[in-house]
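Kindly generate the complete structure, drawing on both the sequences and the hints.
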Amino acid sequence: MMNSVYMFREFILVFKHRITIWTRDVSHVLLITDFLLNKMFVNLLITKHFEQDYKPTNH
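Going by the working numbering, the first residue of the sequence shown is number 0, and it counts up by one from there.
Keep in mind the hints are simulated off the structure, nothing from the lab.
Bear in mind that the values here come from a model prediction, so they are computed numbers and not experimental data.
Virtual Cβ for every residue (Gly too), placed ideally from N, Cα, C.
Honestly, I wouldn't trust all of these hints.
Quick list of simulated restraints, FRET-style, between CB atoms [to be verified]:
hint, residue 1, residue 2, range
1, Lys-47, Lys-15, 40 to 48 Å
2, Phe-10, Leu-44, 48 to 56 Å
3, Leu-35, Val-13, 27 to 35 Å
Next comes the structure, spelled out in structure tokens:
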């Protein structure tokens with residue numbers, strides 16, 4: 000009985016450790032994705048802005 004309880008506790012510890020690492024990795028990926036999306040968005044805004052600026056006006 001004692002042995003299985005010990006194994007179970009070990010399993011929980013390892014599992015928690017894995018979850019922590021996985022969560023950290025996911026948060027890194029999310030940060031990078033967020034950064035890239037923001038970059039793309041800013042580039043898009045700049046492009047749109049310049050397109051509007053340099054479009055010949057038909058007055």
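Okay, the hints, checked on the actual structure:
Taking the beta carbon of each, Lys-47 and Lys-15 are about 47 Å apart, inside 40 to 48 Å as hinted. The supplied range of 48 to 56 Å is met by Phe-10 and Leu-44, whose beta-carbon atoms lie about 50 Å from each other. Against the hinted window of 27 to 35 Å, the Cβ-Cβ separation of Leu-35 and Val-13 comes to about 33 Å, which satisfies the hint.
In the structure shown, no violation is registered for any of the earlier numbered hints.
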